[in-house]
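> Sequence:
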Amino acid sequence: MLISLNSCDSDTCDSGYTEIENNGETICIPDYLVGIETKEGMGTTFYHSKEGVIEYKNGIWTNYLGKDITEVIEKTK
3 MLISLNSCDS DTCDSGYTEI ENNGETICIP DYLVGIETKE GMGTTFYHSK EGVIEYKNGI
63 WTNYLGKDIT EVIEKTK
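Per the numbering used here: the sequence shown = residues 3 to 79.
It is worth saying that the hints were derived from the structure and are not from the lab. One or more hints might be untrue.
Under the rule of at most 30 Å between Cα atoms (straight-line distance), these lysine-lysine pairs were calculated in the DSSO-like manner [stated by the list, open to error]:
hint	residue 1	residue 2
1	77	59
2	41	77
3	41	69
4	41	59
5	52	41
6	69	52
7	59	69
8	52	77
Distance ranges between label pairs, derived from CB positions [claimed, not checked]:
hint	residue 1	residue 2	range
9	21	65	30 to 40 Å
10	44	14	17 to 27 Å
11	26	76	25 to 35 Å
12	73	14	26 to 36 Å
13	14	76	17 to 27 Å
14	45	14	15 to 25 Å
15	77	27	17 to 27 Å
Positions of the beta carbon are idealized from the N, C-alpha and C atoms, including for glycine.
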């Protein structure tokens, strides 16, 4: 016997996370909040409401194209 359970809930991420498609896989990444880059265990990739997926490395914020958007992010603080 094979039993398959499907959720009707379209939002698979917990509150504070955004669902994105990455290489054919659906993942949840933390939403950007001011200061989140300093929180231990949160990783370096976040979802920004205006910029989309952003990454923080060595003090620099970049968008999904690799463009430095540090100035843009700093203005939101």
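> Checking each numbered hint in turn, tell me which of them this model violates, lowest number first.
9, 13 and 15
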